[in-house]
Amino acid sequence: MDTPKRILLVEDNPDDIDLTIRGLKKNNIVNEVDIVQDGAEALDYLFCKGAYANRNPDDMPTVILLDLKLPKVDGIEVLKRIRAEAKTMLIPVVILTSSREETDLIKSYKSGANSYVRKPVNFVEFSEAVLQLGLYWLLLNEPAPKRS
Amino acid sequence: MTAYPHGLIKKLYTEETYTKKSRNSPEPYHGFYTAWPRAKVMIDETTGNQTNIHCIAVFKLFSQLASVVVTLMGFIALIGWTFDIAILKSVIPGMTAMNPATAICFILSGLSLLTQGVSASSNKDTHKWIAKTSAILLLLIAMTKIVSFFGYDFGVDQVLFREKLKIYTPPNRMAPNTAVDFFLVGISLLIINLETRRGYRPCEFTILVSFVISITALTGYTFGVRRLYGIASYIPMALNTALAFNFISAGILCLYPDRGMMEIITSDNAGGRMARHLLPAVIGITIILAWLRLQGEVKFHYYGTEFGTSIRVVLTLIILTVVIWWNAHSLNKIDIKRKFAEEATVKLNEELKLRVMQLGIVNKELESFAYSVSHDLRAPLRSIDGFSLALLEDYEDKLDTTGKDFLHRVRQATQNMALLIDDLLKLSQVTRSEMRLDDVDMSSLAHSIAESLQKSAPARHVTFLIQDGLTLKGDRNLLKLVLENLLGNAWKFTSRQTEAQIEFGAKVIDGKKTYFIRDNGVGFDMTYVDKLFGAFQRLHSAKDFPGTGIGLATVQRIIHRHGGRVWAESAGNEGATFYFTL
Numbered sequence: 001m002d003t004p005k006r007i008l009l010v011e012d013n014p015d016d017i018d019l020t021i022r023g024l025k026k027n028n029i030v031n032e033v034d035i036v037q038d039g040a041e042a043l044d045y046l047f048c049k050g051a052y053a054n055r056n057p058d059d060m061p062t063v064i065l066l067d068l069k070l071p072k073v074d075g076i077e078v079l080k081r082i083r084a085e086a087k088t089m090l091i092p093v094v095i096l097t098s099s100r101e102e103t104d105l106i107k108s109y110k111s112g113a114n115s116y117v118r119k120p121v122n123f124v125e126f127s128e129a130v131l132q133l134g135l136y137w138l139l140l141n142e143p144a145p146k147r148s
Numbered sequence: 001m002t003a004y005p006h007g008l009i010k011k012l013y014t015e016e017t018y019t020k021k022s023r024n025s026p027e028p029y030h031g032f033y034t035a036w037p038r039a040k041v042m043i044d045e046t047t048g049n050q051t052n053i054h055c056i057a058v059f060k061l062f063s064q065l066a067s068v069v070v071t072l073m074g075f076i077a078l079i080g081w082t083f084d085i086a087i088l089k090s091v092i093p094g095m096t097a098m099n100p101a102t103a104i105c106f107i108l109s110g111l112s113l114l115t116q117g118v119s120a121s122s123n124k125d126t127h128k129w130i131a132k133t134s135a136i137l138l139l140l141i142a143m144t145k146i147v148s149f150f151g152y153d154f155g156v157d158q159v160l161f162r163e164k165l166k167i168y169t170p171p172n173r174m175a176p177n178t179a180v181d182f183f184l185v186g187i188s189l190l191i192i193n194l195e196t197r198r199g200y201r202p203c204e205f206t207i208l209v210s211f212v213i214s215i216t217a218l219t220g221y222t223f224g225v226r227r228l229y230g231i232a233s234y235i236p237m238a239l240n241t242a243l244a245f246n247f248i249s250a251g252i253l254c255l256y257p258d259r260g261m262m263e264i265i266t267s268d269n270a271g272g273r274m275a276r277h278l279l280p281a282v283i284g285i286t287i288i289l290a291w292l293r294l295q296g297e298v299k300f301h302y303y304g305t306e307f308g309t310s311i312r313v314v315l316t317l318i319i320l321t322v323v324i325w326w327n328a329h330s331l332n333k334i335d336i337k338r339k340f341a342e343e344a345t346v347k348l349n350e351e352l353k354l355r356v357m358q359l360g361i362v363n364k365e366l367e368s369f370a371y372s373v374s375h376d377l378r379a380p381l382r383s384i385d386g387f388s389l390a391l392l393e394d395y396e397d398k399l400d401t402t403g404k405d406f407l408h409r410v411r412q413a414t415q416n417m418a419l420l421i422d423d424l425l426k427l428s429q430v431t432r433s434e435m436r437l438d439d440v441d442m443s444s445l446a447h448s449i450a451e452s453l454q455k456s457a458p459a460r461h462v463t464f465l466i467q468d469g470l471t472l473k474g475d476r477n478l479l480k481l482v483l484e485n486l487l488g489n490a491w492k493f494t495s496r497q498t499e500a501q502i503e504f505g506a507k508v509i510d511g512k513k514t515y516f517i518r519d520n521g522v523g524f525d526m527t528y529v530d531k532l533f534g535a536f537q538r539l540h541s542a543k544d545f546p547g548t549g550i551g552l553a554t555v556q557r558i559i560h561r562h563g564g565r566v567w568a569e570s571a572g573n574e575g576a577t578f579y580f581t582l
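Chains as they are written, first to last, in the working numbering: chain P, 1 to 148; chain L, 1 to 582.
Keep in mind that the hints are not guaranteed to be accurate.
Listed below are the simulated EDC-like cross-link pairs for lysine to aspartate or glutamate, each with C-alpha atoms no more than 16 angstroms apart in a straight line [said to hold, decoys possible]:
1. P:69 with L:376
2. P:49 with P:38
3. L:166 with L:84
4. P:26 with L:394
5. L:364 with P:101
Treat the hints as calculated values from the structure; they're not laboratory data.
Build out the structure end to end from the sequences listed, making use of the hints.
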């Protein structure tokens, strides 16, 4: 393990950011969490552009937690761009959203989401969901080998 | 035959229409022994043709009257022969008399046509048999007579009143044109039901030839031209014979006025109207004017040939112009009516398109609204719940019991609201989602729902009575939601019963298969039965039986979307029964 496993959280609601981080901390998941607050910023981060021009392009997150309803570029568009680029196409993407609309589910899976989790209102349940996600994607799941 | 968008035209003319689904559909009118048709227009769905039923009825009535008249004419001639009454034999004494065999032939053809018309409605084999046999007999007599002109005389027209026939010079016999005419009538009567796939009726062609022969004879009598009713030195066709032929030919043509060539004339479309206006005028004017001219010129010598012809031309011009003008006038009226209707339809169509578009927009808005509810309304709830819990956990020491209780209540309320949002979404999804119709095994669905209910509270003792083999045509997911809600309700409201029983089955109520779910729970007050299916309406307190009050509203929407009905009954504390039909 050369680089520590990091999570990219794409979320515009500051409350949800805090609650997600709180959930991770409570469950003793101490991996670094990078936060971007809209779709455009997420793309800048992943493709090392704009404010993230100086980021190391080889240092990619182990898993991306992606909200669907985002300012500027929406979640589905971000997902499509991630899947379109060779550099990012193999990164697991988990849709983490409030919506359970059928169309959202279908669009997400069609665009290449690896998982779809609906954020529960009850924080206890929410925290449990975050724990499961962390355990699965950071420990149990074997990511694709990194290209050098 | 073009197919018209007749559904539209039908409305324009009249509300009362009769639709003929196929060639074998019953006719709207059969003849004088049935009631006059009520509907005005008949629409033939196979051809798209519109026929005027009253016109058809008149034609049919004429056909039957003609058959009776022809039969009577035959009998009258026979009576004339029996009692030697010249006027009965030949109309005008001294002129050629109708041969007795000819009279018999007319009786046969009249009988055949009459029974043919009757058999169309009675469908009795005896009627058909009489019609066929008479036609065959007629044909045989005619053929025997025709053969006699080629030297094989069997004297078929000399069997009856043999002695009385000889009084005449030359002796009375059947004329050759009469024999040929009978041959054609016989053939026509035999093949009267024959119709080609394209809707042509061969009998119409044969009978038209016979018509032409008899009309020629009649014209000959009218204008006194012997050559037209008598061939060579043979005995001529009698006047009453020529008349009877005209009747029988017209009668055969008019038996099925809504088929073959006659369809054009009886049509309720513009062409039919024109034909009905012009044909009688043209025929009538030609004959009457010619006759009048000859009367004045030849018989009474009022004027010469040039004058007579000129007057005839002038009168023909005037009368035909008037008839054509009148016809054009009525056709124009129809055309204008149709144009107005077309315009109205186009307008209506545009309005409809606009409505559909508006509806589409509203639907889209509704969808995005539901999406917002699903997404945006839940996010703040999560914050409220999450941070309330954070307060409880991180600032436990700074809060007293009342403070903690308040926070618990805040969390409880947010969770209730989350449930409410979820149920609301489900309710809206019920109306928005696309329906996929399938055969749904309701019994096995009920079994699996009962099983999961039992698992959710293993301690409860509930007997489920589920009728087997109940299947319904509907959307599987939606019908499952119906059963989940109804069985879930039954489960919930029997929670205080020690021996709870929930039944799902079907029975026939008012001739319709009705499904029911019956429980022996707390039931409800029938005074409030109207409120039962309204959204957010609850007849029990949340403390006694928790719930959002959306379940039954969802059930009703699903049943309505399937075109069914749902209702409930309860006798106070003795449980409730929910019924639904699809």
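Against the structure, the hints:
1. P:69 with L:376: Holds, because 9 angstroms separates the two Cα atoms, which is no more than 16 angstroms.
2. P:49 with P:38: Roughly 14 angstroms between the alpha carbons, so the hint for residue 49 (chain P) and residue 38 (chain P) holds.
3. L:166 with L:84: holds, 13 angstroms
4. P:26 with L:394: Given pair residue 26 (chain P), residue 394 (chain L) holds - Cα atoms ~12 angstroms apart, limit 16 angstroms.
5. L:364 with P:101: At roughly 14 angstroms apart (the allowed maximum being 16 angstroms), residue 101 (chain P) and residue 364 (chain L) satisfy the hint.
Checked against the numbered hints above, the structure breaks none of them.
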